[in-house]
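Hey, can you work out the whole structure from these sequences and the hints?
Protein chains in written order, with the numbering used here: chain A, 14 to 211; chain B, 14 to 211.
Derived DEER-like restraints, expressed as beta-carbon distance ranges:
(1) A/A85 to B/K189: 26 to 36 angstroms
(2) B/R206 to A/D29: 40 to 50 angstroms
(3) B/R74 to A/A182: 34 to 44 angstroms
(4) A/A182 to B/E131: 44 to 54 angstroms
Among chain B residues calculated to face chain A with C-beta under 7 angstroms, some are:
(5) G103
(6) V105
(7) V108
(8) V109
(9) M112
(10) F119
(11) E121
(12) P157
(13) F158
(14) V162
(15) Y165
(16) E166
(17) L188
(18) K189
Derived from the structure by calculation, the hints contain no laboratory data.
It should be emphasised that the depicted structure is a prediction, and the values quoted were computed from it without experimental measurement.
Backbone N, C-alpha and C define an ideal beta-carbon position, used for all residues, glycine too.
2 protein chains.
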Amino acid sequence: MTESTSIQGCILLLDDDVDVLGANARFLRISGYSVIVSNTPTTALKQLEEEVIDAVVTDLRMPEMDGLEFAARAREVKPLLPLLFFSAYGSVQNVVAAMQLGAVDFLEKPVAPSLLLERLEDICGDHNEPRLQTRMAFDDAAAPFRHRVLAYEKYLIQTCMQKHNGHVAAVLEELKINRRTLNEKMQRLGIRRKRDAD
Amino acid sequence: MTESTSIQGCILLLDDDVDVLGANARFLRISGYSVIVSNTPTTALKQLEEEVIDAVVTDLRMPEMDGLEFAARAREVKPLLPLLFFSAYGSVQNVVAAMQLGAVDFLEKPVAPSLLLERLEDICGDHNEPRLQTRMAFDDAAAPFRHRVLAYEKYLIQTCMQKHNGHVAAVLEELKINRRTLNEKMQRLGIRRKRDAD
DNA sequence: CAGGCATGAGCAAAAATTTGCCTAAAAGTG
DNA sequence: CACTTTTAGGCAAATTTTTGCTCATGCCTG
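Written out as structure tokens, the structure reads:
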């Protein structure tokens with residue numbers, strides 16, 4: 014079936030080993046992602062600023078700048094960007110450092126393709142664009158506490174709702190929230206349920 | 014240096030090896046922390062509910078329930094409580110799991126006392142790291158609604174508090190929030206006021 | 001040291017939120 | 001269309017949060 018044609022998101026792949034890079038890129042493309050590759054952190058950072066990217070998958074060991082430093086810099090540019098590490102050199106310290114930088118996961122090479130896909134699925138499953146926009150609302154430093162918290166709640170619910178295509182039951186499950194409460198909140202926050210036309 | 018003079022906070026130590034437990038407890042007490050010990054996860058969980066605790070330091074390998082499961086349960090009770098692992102069995106997977114549960118760090122046994130102190134300092138002391146920690150918490154897509162909202166509230170307050178160098182009145186003003194309410198929230202969220210040494 | 005702020009916290013009333021129960025409307029299916 | 005599954009929302013009780021009062025403590029200034 015040609016269902017892999019749907020747009021899954023755009024992944025930035027960073028690895029200094031061009032063979033690995035190519036193989037992974039090919040694999041991800043076949044799986045339906047659009048992929049941008051980079052074999053040096055520097056170019057990757059540039060691409061990060063220029064392209065719309067949903068997630069980054071990076072190696073740890075690289076010449077010029079290691080994966081951690083790259084991640085730190087990437088964070089500055091895109092604070093919410095999901096980072097995924099994969100490396101054969103996962104010492105406890107490295108892993109801790111990566112996770113502290115906000116990595117979603119740290120996969121050990123060799124990475125099972127299915128695992129990588131699964132992770133990316135988790136990451137890109139919900140959307141990135143509306144997310145950032147809504148984020149602006151609750152990130153407005155001038156607004157009073159209460160407003161910001163409400164904005165955040167709204168953002169959370171909307172995002173989740175969207176992710177599950179308006180399926181309330183799924184939202185309940187994911188957010189671990191009482192059905193009645195969700196109703197109330199949506200009422201109060203002015204969130205309306207809407208399903209995508211398929 | 015006479016740094017151990019100020020009240021540092023209350024640490025819950027969990028380790029099934031009573032010798033290690035005792036030694037660490039003694040060490041931390043000498044260093045100025047108040048320490049609650051536990052040699053089983055179950056009692057630790059109970060203590061978590063009963064006592065006011067600023068951070069938990071736990072082993073990974075334990076009979077009855079491993080450190081990860083303990084951490085998961087602790088999270089349910091205290092979603093924002095700083096967790097610190099230390100263990101000799103730090104596989105990449107374990108570390109990732111621990112960090113995904115929101116651990117602040119994962120130290121490898123044998124742990125250098127100075128390192129442990131340093132970490133606790135980060136956690137209980139100046140809210141520098143905790144900020145990042147909190148931020149990640151509310152960005153953690155897997156966490157339940159309530160946790161995420163709390164994490165966000167904590168982040169807001171901490172950030173604002175830091176911005177105004179611990180000046181509560183200024184925070185009140187900026188966040189447009191009742192003084193009593195702020196007190197309550199700080200209490201509930203485990204935020205301590207901290208002014209920079211000038 | 002006295003006096004004045006700034007802050008933390010106990011207490012209880014007031015207000016808001018959460019949640020179970022239940023009904024009706026809406027949506028999805030065959 | 002008849003039937004099943006999902007949702008929204010009224011109502012009231014249960015629970016949690018907010019907030020005013022008040023007091024005690026700590027800190028700063030003079």
